[in-house]
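Given chain A, put chain B in place with the hints provided.
Line by line, the protein sequences give chains A and B.
Numbering (my numbering) for the first sequence: 1 to 112.
Numbering (my numbering) for the second sequence: 113 to 227.
Below, a sample of chain B positions facing chain A; criterion: calculated Cβ distance under 10 Å:
{"id": "1", "residue": "Q118"}
{"id": "2", "residue": "Y145"}
{"id": "3", "residue": "G154"}
{"id": "4", "residue": "L155"}
{"id": "5", "residue": "E156"}
{"id": "6", "residue": "F157"}
{"id": "7", "residue": "L203"}
{"id": "8", "residue": "C204"}
{"id": "9", "residue": "S207"}
{"id": "10", "residue": "A216"}
{"id": "11", "residue": "G219"}
{"id": "12", "residue": "Q220"}
{"id": "13", "residue": "G221"}
Hints listed in this document are in silico derivations from the structure and should not be mistaken for laboratory results.
Note that the coordinates shown come from a computational prediction; the quantities given were computed from them, not determined experimentally.
In this text, a Cβ means the ideal position worked out from N, Cα and C, and glycines have one as well.
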Amino acid sequence: DAKTTQPTSMDCAEGRAANLPCNHSTISGNEYVYWYRQIHSQGPQYIIHGLKNNETNEMASLIITEDRKSSTLILPHATLRDTAVYYCIVRGDQTGANNLFFGTGTRLTVIP
Amino acid sequence: GAGVSQSPSNKVTEKGKDVELRCDPISGHTALYWYRQSLGQGLEFLIYFQGNSAPDKSGLPSDRFSAERTGGSVSTLTIQRTQQEDSAVYLCASSLRQGRITEAFFGQGTRLTVV
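Chain A with its partners taken away, still in its complex shape (with noise of 0.2 Å):
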């Protein structure tokens, strides 16, 4: 699976657009982008996953570019409750793909 790269840590006033980057420049055609957070004290999440078209539900948006080199996880209007670790995944999807490699992800911290 595609290694990903991302920043250690992020601040987001609170009610503001959260844009967390991830770099997958090695990404292949048959592997999907996963966002998944963990907060404080509690198992992984998961967000939102997405193959090449932007995604959106409940919880977040996914811009991937048009490269698929990298992508966008937006949460619209940061809370105090979305502070986390955000992890970007990328997985095949393919048996043998078992494993999802968590990284040291994404620090958000959402700032009252």
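Chain B only, in chain A's frame:
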């Protein structure tokens, strides 16, 4: 249950003792993962089960670690002769099936402290 359940939530054990950690996945989920997370660190993959296939044990750090999954449901992670460096939060996750894109759901973890 509605989510992945792990027990115990906390476990303190003496160095050298064996421990068993339990994971009840979401009903119907055929894929099950074990991870561990040391304080302030990322998640470290340990082992993966998928249906009746042989588990992927490539992440187990030593032969003191083993896991089984009975009947394709409940899983037990066993650590023999625990060491202080085994202290961590052990997380279990399950997903509907592997081979299709589907999210994994995590339990709250078992915090293991070896004293």
